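Undergrad: Model the placement of chain B on the given structure of chain A, informed by the hints.
Residues per chain, in single letters:
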Amino acid sequence: NAGVTQTPKFQVLKTGQSMTLQCAQDMNHNSMYWYRQDPGMGLRLIYYSASEGTTDKGEVPNGYNVSRLNKREFSLRLESAAPSQTSVYFCASTTGGETQYFGPGTRLLVL
Amino acid sequence: GENVEQHPSTLSVQEGDSAVIKCTYSDSASNYFPWYKQELGKRPQLIIDIRSNVGEKKDQRIAVTLNKTAKHFSLHITETQPEDSAVYFCAASKGSGGYQKVTFGTGTKLQVIP
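Going down the list, the protein sequences come from chains A and B.
According to my numbering, the first sequence is numbered sequentially starting from 933.
According to my numbering, the second sequence is numbered sequentially starting from 131.
It is possible that some hints are incorrect.
To be verified - Sample of chain A residues at the chain B side, in silico, Cβ under 8 Å:
no., residue
1, Ser963
2, Thr1026
3, Glu1030
4, Gly1035
As the list claims (entries may be wrong) - Which chain B residues stay away from chain A? Per the calculated CB distances, all over 10 Å, these:
no., residue
5, Ala149
6, Glu186
7, Gln190
8, Asp214
9, Ser223
10, Thr233
11, Gln241
Note that these hints are calculated values from the structure, not bench results.
Please read all numbers here as calculations on a predicted model, not as lab measurements.
Built from N, CA and C at the ideal position, the CB exists for glycine as well.
Here chain A stands alone, though its shape is the one from the complex (with noise of 0.2 Å):
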């Protein structure tokens, strides 16, 4: 049972370019979340998937995509990245319940 897993774990990006981020979870939980995290802010939620085949949006929207691909797996895109999108990223997952599971997190440098 690996609980929430992210790939990658860290990713350099020039301006413009593109990066999907994976997340998955073996729990069997309905909601899964992106989470960016930066100095003094927080999380701050970017996309949730309340249950499989739905997804709304966060926060901090502007910038990111995200695709449902069925239970187990919530990717985020980023199609065009910007210095402002710099940050650490966390995916989470609940079982509709409350406790967040998190994983590992992605740290991404645009330059």
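TA: Just chain B now, with coordinates in the frame of chain A:
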């Protein structure tokens, strides 16, 4: 929407002393208040939580209190140890159609000095 304020942003205590972190929230519909601990370079992990129908909860050296009327809740760590050094996040959460909307505080960096 919900707004969660967390204080202090940094806290240094001597080993063995107590540490208190305070949070306030704005949405009276919030009914679940978890606390997460994040060690350097690691993922946030739940350490304790409290629901709105409970005023206090304790788990060994950590405790959380909730004042619904004043809309604030606090984390108390007693007999602090160096391994308690980390960033702590509070959060306020409410359910909506099977989905839990969570808003996090900005975090408190706790340093326990041996």
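Undergrad: Looking at the structure, which of the earlier hints fail to hold?
TA: 9, 10
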